[in-house]
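The listed protein sequences derive, respectively, from chains Y and S. The opening position of the first sequence corresponds to residue 1 in our numbering, with each subsequent residue numbered one higher. The opening position of the second sequence corresponds to residue 1 in our numbering, with each subsequent residue numbered one higher.
Be a bit skeptical, because a hint or two may be false.
Quick list of simulated restraints, FRET-style, between CB atoms [stated by the list, open to error]:
hint: 1; chain 1: Y; residue 1: Asn16; chain 2: S; residue 2: Met1; range: 34 to 42 Å
hint: 2; chain 1: S; residue 1: Ile245; chain 2: Y; residue 2: Glu48; range: 54 to 62 Å
hint: 3; chain 1: Y; residue 1: Gly127; chain 2: S; residue 2: Glu280; range: 23 to 31 Å
hint: 4; chain 1: S; residue 1: Pro94; chain 2: Y; residue 2: Leu90; range: 36 to 44 Å
hint: 5; chain 1: Y; residue 1: Glu36; chain 2: S; residue 2: Trp148; range: 38 to 46 Å
hint: 6; chain 1: Y; residue 1: Leu90; chain 2: S; residue 2: Ala223; range: 46 to 54 Å
hint: 7; chain 1: Y; residue 1: Ala124; chain 2: S; residue 2: Pro69; range: 31 to 39 Å
hint: 8; chain 1: Y; residue 1: Leu90; chain 2: S; residue 2: Ala143; range: 50 to 58 Å
hint: 9; chain 1: S; residue 1: Glu251; chain 2: Y; residue 2: Asp77; range: 53 to 61 Å
hint: 10; chain 1: S; residue 1: Ala143; chain 2: Y; residue 2: Ile4; range: 23 to 31 Å
hint: 11; chain 1: Y; residue 1: Gly20; chain 2: S; residue 2: His50; range: 43 to 51 Å
hint: 12; chain 1: Y; residue 1: Ala124; chain 2: S; residue 2: Lys159; range: 30 to 38 Å
No lab work stands behind these hints, which were simulated from the structure alone. Remember, predicted model here, so these are calculated numbers, not experimental data. Don't be surprised by glycine CBs; every beta carbon is placed ideally from N, CA and C.
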Amino acid sequence: MADIVSKIGIECTVNNMSSGFQAYPMARLLDVLREELHLTGTKEGCGEGECGACAVLMNGAIVNSCLVPAVEADGADIRTIEGIASGAQLHAVQEAFLECGGAQCGICTPGMVIAAVALLERNAHPGDAEIREGLAGNLCRCTGYQKIFAAVLRACESAGINRPENR
Amino acid sequence: MRAYIPGYDLRVPRSLTEALGLLGGEPGIWQPFAGGTDLMVLLEAGKLYHKRFISLSKLADLRGIEVTPDAVILGALTTYTEVQRHPVLQTEFPLLCAAARETGSIATQNRGTLGGNIVNASPAADSPPALLIYDAEIELVSARGVRWLPYHEFHTDYKKMQLAPDELLRAIRLPRRPKPWRQYYRKVGTRKAQAISKVCFAGAARMEASTIRDIRIALGSIAPIVLRAVKTEEVLRGAMLAPAIIAAAKETLAREISPIDDIRSTARYRLRVTQNLLEEFLSQLVR
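Looking at chain Y on its own, in the form it has when it is part of the complex (with noise of 0.2 Å):
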């Protein structure tokens, strides 16, 4: 079939900005993201939604952008690794990640950053368990994944999180 459809206007909310572009209905979010907006914090690993490289924050929850159309971005409010520090000002996780050296090559770090912050808004009081759950769907291939578990130990503690022993 050779019929090429027209890009449409999309409109969406991201890091706390409004913002108009844009786009072919099937594009996914990862290319706009990356291209029409430049936001190349976020990384394209797998493409297929297995490694969360891509992770970004839909209306609060976890979704990996190689998997939303840009269509379905419309009217949505989405924050990227961009938008997850407050002007120079990091946010817990991401001082947590320095200190404890849980980036290498960086490939997969923002989406790593992404997926913890995504699992301290929804539980202030991980145990270990709820965090390994928490950095499930995001692959490192250069950490082996401790100094990531270590960082996100260590937000915790830095945001004065009580968490509970041995869960």
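Starting from the structure of chain Y, add chain S where the hints point.
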């Protein structure tokens, strides 16, 4: 190779009437698009051969979980996350919550829908075994009207189902049961998180001391469709749990399922694991 994106249309109707009008106006031309967690993967792989889709995202009629005295009715767009968080589902339909929790990652659970899982018709889907155990019924709507179907009649063969081109799955109804059933769910994949099933087993039994008053067994990934192991159930129903009857049930089960070799596992492994899961389920009934 990635698909050519401008070649795909994805309309966003604002009402159910509008969506059904599109589906019925040009039957077969438009296909529904729910959470997209399967379709977008095919798109990226260049294997999404259908070109025109209807996004269901703005259809409020397909959302929400309604609890009545005798049933829980889930809109087709209910996500795996919504399933897991619902208190009535947690207490009365734990197998469905377990299935939702083991489907993909949290990011997938936030987008993937129960209706999509049904209509995508994968024999490796994780929620259908639970739906079979609970005698789910489904509501199909079209511009012609509404019909309800027992879920077990819906899938007829590999990727084939009783769904006309102008019909949309609107809701899933789970009858509430007053009597307590012992329930068991276990999915076996390559890894614990985010794996596609090699075998998925859901079971429920009503016991009286060590006698099985009633039993249901539903399985995924071991046949062209997700199915109830009715012959194995027959062997067990009314029986006293003992090693001999467990052995007989495992033998019947081997004749009842038809696992295959594929990229995720082998027929031999699937058969052995399915039998072991049956034994584990039955062993936990007497405690």
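Status of the hints after comparison with the structure:
Checked against the hint of 34 to 42 Å, the C-beta distance between Asn16 (chain Y) and Met1 (chain S) comes to roughly 37 Å, which is consistent with it. For the hinted restraint 54 to 62 Å between Ile245 (chain S) and Glu48 (chain Y), the CB-CB distance of approximately 44 Å leaves it violated. Hint check: Gly127 (chain Y) to Glu280 (chain S), Cβ distance near 26 Å, so the stated range 23 to 31 Å holds. Pro94 (chain S) and Leu90 (chain Y) have their C-beta atoms about 41 Å apart, which keeps the hinted 36 to 44 Å range intact.
Here the CB-CB span from Glu36 (chain Y) to Trp148 (chain S) is close to 44 Å, well matched to the stated 38 to 46 Å. Our hint of 46 to 54 Å for Leu90 (chain Y) and Ala223 (chain S) holds, since their Cβ atoms are close to 52 Å apart. At roughly 35 Å, the beta carbons of Ala124 (chain Y) and Pro69 (chain S) sit within the given window of 31 to 39 Å. For Leu90 (chain Y) paired with Ala143 (chain S), a C-beta distance near 54 Å keeps the hint of 50 to 58 Å intact.
The hinted window of 53 to 61 Å between Glu251 (chain S) and Asp77 (chain Y) holds, with their beta carbons roughly 56 Å apart. Between Ala143 (chain S) and Ile4 (chain Y) the beta carbon distance is about 29 Å. The supplied range of 23 to 31 Å therefore holds. For the pair Gly20 (chain Y) and His50 (chain S), the beta carbons lie near 29 Å from each other, so the given range of 43 to 51 Å is not met. Range check, Ala124 (chain Y) to Lys159 (chain S): about 43 Å between beta-carbon atoms, so the 30 to 38 Å window is missed.
The structure fails hints 2, 11, 12 (numbered hints given earlier, in ascending order).
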